[in-house]
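Okay, here's what each chain looks like letter by letter:
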Amino acid sequence: MRWQELALRLVLIVSPFGAVASGLPAWITAPLSFLSIAATAELAVRPYARSAVDRTLLGCGTVVTTLILIGIILNLTPWGLTLATWNVAWLIVSIGVLIWRRKLATHVDLPATGLRASAVWVIVAVLIIVAAGMLALAGVRHTARQPLLAFALVSKGSNSVVVEIEATSTTGRYYITATSNAVGAHRYLSALFTVRAGENGESVRQHVPINTAGIWTINLESADSSSVVRWLRVDVG
Amino acid sequence: MRAWISGDDDEPAAEGQAERGIAQLIDLSKQQQSLARPASSIPETSESSGLPELGDASRDATSRELPAVRPRVRAAWAGPVVLVVALGILGQAWVGYQGRITGSPSSLLWYGTLCLIFTPCAALIMSSWLTDRARVWFTLFMSLALLATRFVLYPDQFVYHDELINYRVLLSIEQTKHLFTPNSLLPVTADYPGMEIATSAVHQLTGLSLHSSGMAVLFAVRLIMTLSLVRITQRISGSVTVGCLAALIYATNPQYIYFNSQYSYQSVALPLCFFCVYVFTMERKTQGLLAVLPSAAVILAVAASHHLSSLALIVVLWVWYLFTRITRRPVDQLLALAIIGLVIITAWTFMARAVIVPYISEIVRSSITSIIELLHGDSSHVFFTDSAGDRNPLWEVALSVISVLLIVATLVPALWHAFVRRRLLSAAAIVSLIMAAAYPIIPIGHLTDATAEVSDRSSGFIYAGLAYLVAAWWFRIGPFRRHARASRFTVPRHTWLLVVALTISFVGGTVIGSGPSWLFGPGRYLVSADNRSVDPLALQAARWEGQNLPPDSRVFTDRVNGLLAAVYGNQHVLTALGDGIDEGTVSTLLLRQPTPADVSVACRADVQFLIADQRLATSLPHVGLYIDVGEYQYRMRTAPPPPSALTKFDNVPGAERIFDNGAIRIYDLRGLSCAGRS
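Residue numbers (our numbering), protein chains in the order written: chain A, 1 to 237; chain B, 1 to 678.
Keep in mind that the hints were calculated from the coordinates and are not lab data.
Computed from a prediction, not measured in an experiment: that's the story for all the values here.
Hints may be right or wrong, so weigh each one.
Calculated pairs, SDA-like style, for lysine to any residue (alpha carbon to alpha carbon, straight line, at most 25 angstroms) [to be verified]:
#, chain 1, residue 1, chain 2, residue 2
1, B, K177, A, A84
2, A, K156, A, T77
3, B, K177, A, W79
4, A, K103, A, V93
5, A, K103, A, N211
6, A, K156, A, K103
7, B, K285, A, P47
8, A, K156, A, R187
9, B, K285, A, R187
10, A, K156, B, K177
11, B, K177, A, K103
12, B, K177, B, D530
13, A, K156, A, V183
14, B, K285, A, T212
15, B, K177, A, T77
16, A, K103, B, V652
17, A, K156, A, V93
18, B, K177, A, A105
19, A, K156, B, P550
20, B, K177, B, K285
21, A, K156, B, N651
Examples of chain A residues toward chain B, derived with CB under 10 angstroms [claimed, not checked]:
#, residue
22, A7
23, L10
24, L12
25, T65
26, V97
27, W100
28, S118
29, I128
Partial list, computed: chain B residues near chain A (C-beta under 10 angstroms) [unchecked claim]:
#, residue
30, Y97
31, G288
32, R635
33, D650
34, I658
All C-beta atoms in this analysis are idealised placements derived from N, C-alpha and C, irrespective of residue type, glycine included.
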């Protein structure tokens with residue numbers, strides 16, 4: 001292996017490690033890492049499979065098998081399967097393969113003619129697949145826009161209860177009432193408040209004062225329809 | 001040395017190097033040589049004719065009859081086919097989008113766009129317009145495109161039952177940094193974390209999200225499965241085209257589109273089983289036990305991934321060895337690999353015995369119960385209809401029946417001829433024959449609900465043998481050579497006929513494996529319908545649990561909300577397998593109208609939180625149960641539970657209603673007056 005190739009491979013091995021460790025976004029780290037993994041796998045299996053099909057199969061199978069076995073070994077260490085241990089383990093494997101295959105030189109020979117013939121079709125197909133992905137994500141976003149209104153208990157103390165309204169794609173005016181059958185319990189009526197939740201959702205917290213221990217029913221009532229839309233039952237004290 | 005990106009058509013030459021191990025698989029007897037004559041009706045040759053160094057005269061004879069490499073005549077069709085496949089994927093995305101917008105995706109469009117991927121590829125692969133190398137790449141392209149359809153339907157999360165169970169294992173690894181954290185949803189999955197290890201590795205090495213990493217692993221194993229199958233079949237038959245046809249036939253198996261495309265442990269283990277055989281039959285430069293080390297490593301990976309796949313692999317290895325003894329054509333180191341494999345898998349199974357024994361026992365028990373019910377005429381199973389009464393369209397039923405008939409119509413003569421000429425078969429081919437002969441298990445298994453699932457899962461293995469046998473029969477190679485000249489059982493072997501039959505088998509097989517139409521993609525909420533029950537309301541409740549309830553609290557709820565509570569809520573969901581609860585009794589908390597016994601039931605099971613989805617009262621469950629096998633009125637239910645069953649803790653002293661989003665209510669039962677509870 002010539003020193004230029006050795007240097008390039010070392011850069012390929014180390015750079016994903018650095019990229020992931022420095023917290024770069026996945027669209028940078030993932031291609032870099034996959035390229036590094038593929039380069040290592042290809043170098044490892046090259047003497048056993050000279051056709052591209054066998055090299056792809058052997059490389060892919062070897063990577064999956066090796067990762068599973070490394071994971072089992074990492075589990076035996078006190079650190080387990082962490083970002084650091086995985087990257088160090090793969091670094092060791094990659095360097096090991098580089099030393100093992102140090103006598104192999106790589107010659108990249110692009111199939112220029114074949115690529116030219118099918119380039120237009122492939123490019124159009126890739127664009128269509130990208131469009132398919134975008135359409136799929138548009139569908140997910142549509143689902144996420146479904147109106148939601150949850151009413152939940154956050155915490156309770158001896159003289160107050162904290163409740164939360166979690167809403168998505170919902171707009172309305174509400175108030176909270178709290179009632180109890182306990183002796184001496186006063187009915188609570190909150191001030192009117194407005195929930196304007198967009199697609200990303202909104203959380204509204206409300207303190208409900210409680211004047212005595214007992215079972216309390218806390219209602220979320222719509223000012224628009226004058227009806228109880230959600231309610232909770234809380235044992236205070 | 002040439003790198004893998006090469007402009008030359010180096011496949012045949014490379015085959016010669018890579019396939020010396022074929023001699024271990026292709027060991028047809030010398031008797032076959034005398035039988036071998038070029039069939040005038042099959043004017044094609046194979047790339048395997050470029051393998052004279054194998055020194056196997058029967059291979060040379062065989063190769064003269066094999067389908068053609070008459071390439072480069074109209075390879076221009078490849079571009080349009082790539083484009084049509086992309087349109088098929090776009091069509092699948094449209095089906096998913098439409099399902100989310102309108103609530104009911106079109107099954108006709110779904111199958112139509114699947115065929116847009118499968119059929120043109122099958123036609124091109126089986127044509128004589130491609131080189132052998134291009135044929136293999138197109139086979140791979142088709143299989144990956146079919147897998148991609150799963151991800152355009154659900155691009156951002158796992159939604160199926162088994163996917164969520166395995167995702168819980170992955171989350172446990174990420175949280176604890178170690179393996180084998182108990183998983184109450186399905187305890188056995190925690191002891192077989194191979195797929196999750198690979199996913200965790202991809203996640204940590206690439207920075208991708210867990211879901212994207214899981215997708216990457218699924219793509220990798222689909223590649224492994226397809227190419228391994230092509231190569232193994234090629235090594236047995238001596239033809240790339242037969243290998244590619246075998247991969248096409250394999251794609252028609254009922255689990256190919258549905259179950260084996262899911263993020264489930266079998267999806268990884270099965271391809272690794274094929275890869276193990278591929279690696280073992282490669283040319284080996286080392287001798288002795290060292291030569292089986294790579295295959296043994298793959299067996300260890302399989303053992304760590306899935307119980308039944310590893311069991312199937314070891315059975316195949318031993319049956320293969322047995323037939324090498326019977327046929328007196330030994331295969332180097334096969335016995336050593338079988339012994340090492342047995343030791344590895346036995347050791348792993350022994351370590352997992354606490355969870356694997358109850359799990360397998362439950363499957364066996366429910367299958368036997370179903371068979372007994374069937375024999376007594378008590379079976380309530382209705383074909384092509386789910387438990388809520390949702391029926392498959394008539395055309396789906398017709399195609400699935402025709403697909404079974406088509407397979408039987410090809411399998412019977414193939415099996416018959418293979419059996420008659422069994423002395424010509426190599427041990428590996430005999431193993432394939434035995435696997436193929438198990439095909440009736442698949443349609444017969446559909447006579448009951450419990451056995452249908454078992455038989456469908458077995459299709460991943462059975463079709464490996466069936467694919468080789470039918471492909472070899474179609475091209476009249478090996479034991480079917482004379483059959484090419486026989487009039488009886490002989491059908492005209494037009495490519496268009498093959499492609500039509502493959503398409504029908506593909507659609508029919510997918511109908512059989514996928515079941516009801518709602519299962520394939522997004523749409524409006526359905527009660528207890530796995531993917532269709534994972535909706536924003538259920539997800540909102542699960543995420544709230546993760547943020548507000550103490551982690552690992554003992555939670556009882558229905559099937560889908562339980563999966564979500566475990567995955568997104570980080571809760572310990574009570575199950576019969578994981579906690580030994582009496583499902584019939586505890587399920588009354590959600591499925592029976594209020595009774596005075598409710599509090600004591602909750603106390604005995606130590607239920608801390610109860611998640612009640614009011615929508616359960618609106619319909620019968622689509623998957624046959626609301627919560628789990630053995631639940632209250634299991635298999636006897638004719639109506640949904642009453643609404644009061646799901647609100648019974650609204651007025652029970654000590655119970656608090658702490659969450660309400662209109663559909664789902666969460667009750668805190670820690671305050672119940674339980675005898676002995678502190």
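Quick rundown of the hints versus the structure:
Of the supplied pair hints, the one linking B:K177 and A:A84 holds, its CA atoms being roughly 11 angstroms apart against a limit of 25 angstroms. Straight-line distance between C-alpha atoms of A:K156 and A:T77 comes to about 43 angstroms, which puts the hinted pair past the 25 angstroms bound. Between the alpha carbons of B:K177 and A:W79 the distance comes to roughly 7 angstroms, so the proposed pair stays at or under 25 angstroms and holds. Taken as a hint, the A:K103 and A:V93 pair is honoured in the structure, with Cα atoms around 17 angstroms apart against an allowance of 25 angstroms.
A hinted pair counts as satisfied when its Cα atoms are at most 25 angstroms apart, and A:K103 with A:N211 does not qualify at roughly 83 angstroms. With a CA separation close to 70 angstroms, the supplied pair A:K156 and A:K103 exceeds the 25 angstroms bound. Restraint check for B:K285 and A:P47: satisfied, since their Cα atoms lie roughly 10 angstroms apart, inside the 25 angstroms limit. Our distance criterion of 25 angstroms between C-alpha atoms is met by A:K156 and A:R187, whose separation comes to about 17 angstroms.
Of the pairs offered as hints, the one joining B:K285 and A:R187 is violated, with about 86 angstroms between alpha carbons and a cut-off of 25 angstroms exceeded. Only pairs whose Cα atoms come within 25 angstroms are accepted, and A:K156 paired with B:K177 is rejected, the gap being roughly 34 angstroms. Restraint check for B:K177 and A:K103: the C-alpha separation of about 38 angstroms exceeds 25 angstroms, so the hint is violated. Note on B:K177 and B:D530: the hinted pairing is violated, with a Cα-Cα distance of about 29 angstroms set against a maximum of 25 angstroms.
Proposed proximity of A:K156 and A:V183 is supported: the alpha carbons are some 19 angstroms apart, at most 25 angstroms. Note on B:K285 and A:T212: the hinted pairing is violated, with a Cα-Cα distance of about 84 angstroms set against a maximum of 25 angstroms. Restraint check for B:K177 and A:T77: the C-alpha separation of about 10 angstroms stays at or below 25 angstroms, so the hint holds. Distance restraint check for A:K103 and B:V652: the Cα-Cα separation of roughly 77 angstroms exceeds the 25 angstroms cut-off, and the hinted pair is therefore not satisfied.
Between A:K156 and A:V93 the alpha-carbon distance is near 54 angstroms, which puts this suggested pair outside the 25 angstroms criterion. About 38 angstroms separates the Cα atoms of B:K177 and A:A105, which puts this hinted pair outside 25 angstroms; it is violated. A distance of roughly 15 angstroms separates the Cα atoms of A:K156 and B:P550; the hinted pair therefore holds under the 25 angstroms criterion. Proposed proximity of B:K177 and B:K285 is contradicted: the alpha carbons are some 38 angstroms apart, above 25 angstroms.
With a C-alpha separation of about 19 angstroms, the suggested pairing of A:K156 with B:N651 holds against the 25 angstroms cut-off. Below 10 angstroms, beta-carbon pairs count as interface contacts, and A:A7 has none with chain B, the closest being about 17 angstroms; its hint is therefore violated. With a least beta-carbon distance of about 17 angstroms to chain B, the hint placing A:L10 at the interface is violated under the 10 angstroms criterion. A cut of 10 angstroms between beta carbons decides the hint on A:L12: the least distance to chain B is about 13 angstroms, and the hint is violated.
For the restraint placing A:T65 at the interface with chain B, the shortest Cβ-Cβ distance is roughly 4 angstroms, inside the 10 angstroms limit, so the hint holds. Using the Cβ-Cβ criterion of 10 angstroms, the hint placing A:V97 at the interface with chain B is not satisfied: the shortest such distance is roughly 14 angstroms. Checking A:W100 against chain B: minimum C-beta separation of about 14 angstroms lies over 10 angstroms; hint violated. Interface hint status for A:S118: upheld, as the beta-carbon distance to the closest one in chain B is roughly 5 angstroms, under 10 angstroms.
The criterion of a C-beta within 10 angstroms of any C-beta in chain B is met by A:I128, whose closest approach is roughly 4 angstroms, and the hint holds. At a threshold of 10 angstroms, the smallest CB-CB gap from B:Y97 to chain A is about 4 angstroms, leaving the interface hint in force. Checking B:G288 against chain A: minimum C-beta separation of about 18 angstroms lies over 10 angstroms; hint violated. Annotation: B:R635 was flagged as interfacial toward chain A, and the flag is violated, the nearest CB pair being 33 angstroms apart, outside 10 angstroms.
Here the hint on B:D650 is kept, as its CB sits about 7 angstroms from the closest CB of chain A, short of 10 angstroms. Among the interface hints, the one on B:I658 holds; its C-beta lies about 4 angstroms from the nearest C-beta in chain A, closer than the 10 angstroms criterion.
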